[in-house]
Amino acid sequence: MTFWAACIGMLAVTFGSRFAGLTLQMRLPPFWLRFLHFVPIAVFAALVTPSLEGSRGEGGIRVAAAALGALVAWRTRQLALAIAAGLAAFWLLRLLPG
Amino acid sequence: MTPLWLGVVPFGLAYAVIARDTGLSLVETQALSILVFAGSAQVSAVGLFGRGAGALEIVLTTFLLNVRHVLYGMSLGREVPMTRTQRFVGAYFLTDEAYGVSVARRARTFRYVLGAELSLFLTWNLATLAGALLGGIIPNPERIGVDFVFPLAFLALLVPLLGDRVDVLVAVVAGAVAWGLSRAVPGGLPVLGAGVLGALLGAAATGGDAE
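Protein sequences, first through last, are from chains A and B. Residue numbers 1 to 98, in my numbering, belong to the letters of the first sequence in order. Residue numbers 99 to 309, in my numbering, belong to the letters of the second sequence in order.
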């Protein structure tokens with residue numbers, strides 16, 4: 001019971017948010033057009049930092065590996081390559097003693 | 099789209115393994131992926147189920163996590179011309195990743211957006227099914243760093259968007275604010291707050307330019 005009530009509620013608020021954004025189409029003043037340009041930049045950055053450190057005390061390793069991933073993303077603009085490089089660096093750094 | 103599957107598959111596997119471990123049935127685990135289709139909200143909901151949270155708590159947390167989609171939708175709806183039916187369908191399958199790819203590649207057609215969305219939906223649900231079936235066999239996914247794929251993927255989406263100094267400033271400020279807020283506030287509010295604040299800062303900082 002609780003599960004399906006939660007599931008339907010989750011569907012409603014999630015689809016509601018997605019649909020509201022796509023249908024709220026008004027002519028926006030220049031300030032809000034510039035605002036929208038910066039939305040993905042700000043939101044993606046905000047999605048990265050809280051989960052970067054992790055909960056297993058591997059913050060240093062993860063930040064270093066993410067820095068390498070960012071460098072690869074900057075040089076190649078290839079998502080897969082950047083993710084693969086970051087993950088590989090993460091696994092390698094974990095093998096180091098200490 | 100191949101690159102994002104790399105992030106979606108382990109994330110979907112991890113979600114399903116955690117869900118089964120929490121006591122959700124195969125059908126319930128899959129139902130969330132089909133009906134809600136929002137990875138981070140699904141993972142947080144499963145965590146709340148495990149702690150015996152009520153439906154209202156879970157729905158409110160989901161709303162906090164997913165209200166950022168209003169911003170995605172407004173941005174995407176401005177970039178891509180869509181009919182009313184297309185908006186309805188496009189909204190159902192809209193995710194961070196589909197939005198990120200569409201904006202990063204400056205896609206201007208509904209077909210591209212829907213293709214990105216559906217390929218992610220299919221991958222997410224297949225990964226969910228695989229994870230739900232194999233739930234007992236997969237070891238703790240965090241041990242192999244599956245949760246690290248999430249920030250890594252968004253970092254890789256973010257970097258190509260950084261065109262000038264204001265872009266970098268906005269990213270640094272939003273990232274720092276979100277990190278600080280996430281220590282004090284649960285759920286998706288830090289992301290929404292930092293996203294709005296960062297975008298406001300960027301819009302204000304570029305106001306003097308004649309462009």
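Calculated directly from the structure, the hints in this document are not laboratory data. You may find that some hints are simply not true.
[Unchecked claim] Some chain A residues close to chain B (C-beta under 7 Å, calculated; not the full set): (1) Val13; (2) Phe15; (3) Ala42; (4) Trp74; (5) Thr76.
[Unchecked claim] Simulated DEER-style distance windows between Cβ atoms: (6) A:Ala88 - B:Ala151: 15 to 25 Å; (7) B:Gln184 - A:Arg77: 23 to 33 Å; (8) B:Tyr190 - A:Arg75: 32 to 42 Å; (9) B:Leu124 - A:Gly59: 31 to 41 Å.
[Claimed, not checked] Stretch-level coverage of chain A by chain B, calculated; a stretch enters the list once three of its residues show a Cβ under 8 Å from a Cβ in chain B: (10) 45-54; (11) 58-68; (12) 80-94.
Just so it is clear, CB atoms sit at the ideal spot from N, CA and C, and this is done for glycine as well.
Now the hints, each set against the structure:
1. With a least beta-carbon distance of about 4 Å to chain B, the hint placing Val13 of chain A at the interface is held under the 7 Å criterion.
2. Because the smallest distance between the Cβ of Phe15 of chain A and any Cβ of chain B comes to about 6 Å, under 7 Å, the interface hint for this residue holds.
3. Nearest Cβ of chain B to the Cβ of Ala42 of chain A: about 3 Å, under the 7 Å cut. The hint holds.
4. The restraint placing Trp74 of chain A at the interface with chain B holds, with a minimum CB-CB distance near 5 Å, inside the 7 Å limit.
5. The closest approach between the C-beta of Thr76 of chain A and any C-beta of chain B is roughly 10 Å, which is over the 7 Å cut-off, so the hint fails.
6. In this structure the supplied range 15 to 25 Å is violated for Ala88 of chain A paired with Ala151 of chain B, their Cβ-Cβ distance being about 37 Å.
7. The beta-carbon spacing between Gln184 of chain B and Arg77 of chain A, approximately 29 Å, falls within the hinted interval of 23 to 33 Å.
8. Distance hint check: the CB atoms of Tyr190 of chain B and Arg75 of chain A are about 36 Å apart, consistent with the given range 32 to 42 Å.
9. Between Leu124 of chain B and Gly59 of chain A the CB atoms are about 35 Å apart, so this pair conforms to the stated range of 31 to 41 Å.
10. Note: the stretch 45-54 of chain A has 9 residues with beta-carbon separation from chain B under 8 Å; the three-residue rule is met and the coverage holds.
11. Check result for the stretch 58-68 of chain A against chain B: holds, 3 residues qualifying (beta carbon to beta carbon below 8 Å, three or more required).
12. Note: the stretch 80-94 of chain A has 10 residues with beta-carbon separation from chain B under 8 Å; the three-residue rule is met and the coverage holds.
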